[in-house]
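Residue-level listing of the chains:
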Amino acid sequence: MSNDNAPIIRIADVSKFYDQVIALAHVDLDVAQGEKVVIIGPSGSGKSTLLRAINRLEDISAGKIVVDGFDLDDPTVDINKVRMEVGMVFQSFNLFPHKTVLQNVTLAPVKLKGMPRDEADAMARRLLDKVGILDKADVYPAKLSGGQQQRVAIARALAMSPKIMLFDEPTSALDPEMIGEVLDVMVKLAREGMTMVCVTHEMGFAREVADRIVFMDGGQILEVATPAEFYTAPRHPRTRKFLEQIL
Amino acid sequence: MKQQGKVVVEETPVVIDVGDGAAIPKASDKGLVSAWRISFAGALAVLAYLLIFQPDPYLRIFKFVPDGILITFQVTVCSIALALVIGLVTGLGRISRNKHINLIASTYVEIVRGVPLLVQLFYIYYALGRIVQVPDLLAAIFSMGFCYGAYMGEVFRAGIASIPVGQTEAARSLGFNRAQTMYHVILPQAWRTILPPVGNEFIALLKDTSLVSILGVADLLRRGREFASESFQYFETFTMVAVLYLIITLILSKLVSIMEDRLSHHVKR
Chain V
1 MSNDNAPIIR
11 IADVSKFYDQ
21 VIALAHVDLD
31 VAQGEKVVII
41 GPSGSGKSTL
51 LRAINRLEDI
61 SAGKIVVDGF
71 DLDDPTVDIN
81 KVRMEVGMVF
91 QSFNLFPHKT
101 VLQNVTLAPV
111 KLKGMPRDEA
121 DAMARRLLDK
131 VGILDKADVY
141 PAKLSGGQQQ
151 RVAIARALAM
161 SPKIMLFDEP
171 TSALDPEMIG
181 EVLDVMVKLA
191 REGMTMVCVT
201 HEMGFAREVA
211 DRIVFMDGGQ
221 ILEVATPAEF
231 YTAPRHPRTR
241 KFLEQIL
Chain G
1 MKQQGKVVVE
11 ETPVVIDVGD
21 GAAIPKASDK
31 GLVSAWRISF
41 AGALAVLAYL
51 LIFQPDPYLR
61 IFKFVPDGIL
71 ITFQVTVCSI
81 ALALVIGLVT
91 GLGRISRNKH
101 INLIASTYVE
111 IVRGVPLLVQ
121 LFYIYYALGR
131 IVQVPDLLAA
141 IFSMGFCYGA
151 YMGEVFRAGI
161 ASIPVGQTEA
171 ARSLGFNRAQ
181 TMYHVILPQA
191 WRTILPPVGN
201 EFIALLKDTS
211 LVSILGVADL
221 LRRGREFASE
231 SFQYFETFTM
241 VAVLYLIITL
251 ILSKLVSIME
261 DRLSHHVKR
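Chain order of the listed sequences is V and G. Oh and the first sequence: position 82 is 82 in this note's numbering, straight run, nothing missing. Oh and the second sequence: position 236 is 236 in this note's numbering, straight run, nothing missing.
These are calculated hints, taken from the structure and not from any lab test. All the given hints hold, so there is nothing to weed out.
For each label pair, taking beta carbons as the anchor points, the in silico distance ranges come out as:
no., chain 1, residue 1, chain 2, residue 2, range
1, G, R178, V, G114, 16 to 22 Å
2, V, R117, G, W191, 21 to 27 Å
3, G, K99, V, S61, 17 to 23 Å
4, V, D184, G, A179, 34 to 40 Å
5, G, I111, V, D13, 48 to 54 Å
6, G, D261, V, P176, 35 to 41 Å
No residue lacks a Cβ here, since even glycine has one placed at the ideal position from N, Cα and C.
With these hints in hand, go ahead and build the complete structure from the sequences.
Below, the structure written as structure tokens:
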């Protein structure tokens with residue numbers, strides 16, 4: 001469907017309004033295969049809305065989003081098929097509390113891809129090992145710390161073998177001492193070549209992993225830059241002000 | 001695992017209050033527990049006293065009505081099963097995005113809630129009779145199920161609504177469609193909230209089945225009336241009937257409270 005040069009995510013002139021509020025205003029952004037894009041910006045800047053539009057958890061009012069060759073607004077496109085290729089990690093983990101850790105990971109591949117149970121279990125254990133939480137495979141999420149839950153959530157998303165991973169402030173709900181363990185998993189994933197779009201406030205992570213940093217405010221993208229440019233020579237005055245406030 | 005870093009995922013206890021059942025005793029509510037004990041012990045004592053010291057007519061009544069108890073349970077269990085099915089469909093209809101389905105479900109609930117149960121029983125019984133000839137028992141079950149389905153629909157709707165939206169988003173983001181999300185993720189969690197009020201409705205329904213005696217179904221109350229109309233011992237008969245109903249509902253409400261405890265314990269896991 002897509003050749004190597006075409007971006008795997010194309011966001012073209014996307015706008016979204018709630019009643020009178022403008023959440024996104026004429027946003028353009030392409031993400032190449034294997035690229036890591038970090039979106040930062042003050043709260044209410046539209047960064048989460050943009051991220052959630054990529055797998056259509058948010059509908060958009062205008063514009064076009066194409067993911068892996070699928071136009072999300074095309075009525076013949078099965079959005080569920082697209083979502084299987086796009087993993088998502090939420091701020092609040094959203095693990096299924098009635099399932100064990102292992103079942104959280106295997107549920108989607110078994111029910112949606114018809115993967116045999118033993119094969120799914122083996123794969124889930126590999127993924128849990130990868131996120132460093134294999135020993136908790138048979139406990140329920142309520143027994144886990146936030147950092148552990150979030151790593152399970154990452155494993156759950158990876159279980160569908162997605163081409164793209166979306167992270168919506170994955171460390172914002174965590175106690176400080178747990179942020180590292182989650183970021184480590186994300187860095188590992190980035191090194192393996194996963195296409196990643198992350199909304200985060202973790203500047204260290206952005207600096208280390210991002211190919212490009214996108215700065216948003218007021219529903220608009222104000223600046224797109226490499227981490228080096230972004231942190232040393234931000235062009236937009238709003239970016240400078242934001243960086244002064246947080247660094 | 002560091003205790004201080006433990007994140008407790010918000011599990012707000014949601015209580016669906018459908019207030020026409022017997023008061024369900026809670027362990028935390030000492031007063032009610034003792035009220036339950038007093039009622040239960042009292043009912044058993046009265047029963048024992050009457051059977052032992054005044055076997056005539058009480059023992060005769062006691063031997064006459066058990067068929068009725070069986071019918072009462074039959075009507076209750078079958079009606080609640082039907083009500084659960086109708087309730088699930090109605091509950092899903094009430095949260096449906098489809099305007100028409102939503103409107104139909106809401107209208108059904110509105111109408112059923114607005115007409116007295118006894119009137120509904122008569123109406124459905126005679127309306128059904130115009131179309132098909134069904135046994136009285138079946139007509140009674142259908143009527144009770146139809147009515148309680150509306151209440152059950154509200155229980156299901158509230159139970160489903162109590163599950164955080166993040167659960168739906170997580171499931172949808174994995175590629176589950178709306179129906180799969182409901183089936184695999186939402187309903188298995190919602191039943192914990194739904195089950196206690198369903199138990200409550202069961203008790204309420206059991207008491208309301210006494211209404212079907214009017215349709216000629218030989219339930220506990222009907223059997224009592226049959227006995228009384230032959231023996232003219234109305235006071236004695238209905239004393240016995242009342243005590244039996246009380247004992248049954250007290251036992252059931254205890255069972256529901258045990259179930260509630262188990263469920264909340266399960267959540268704390």
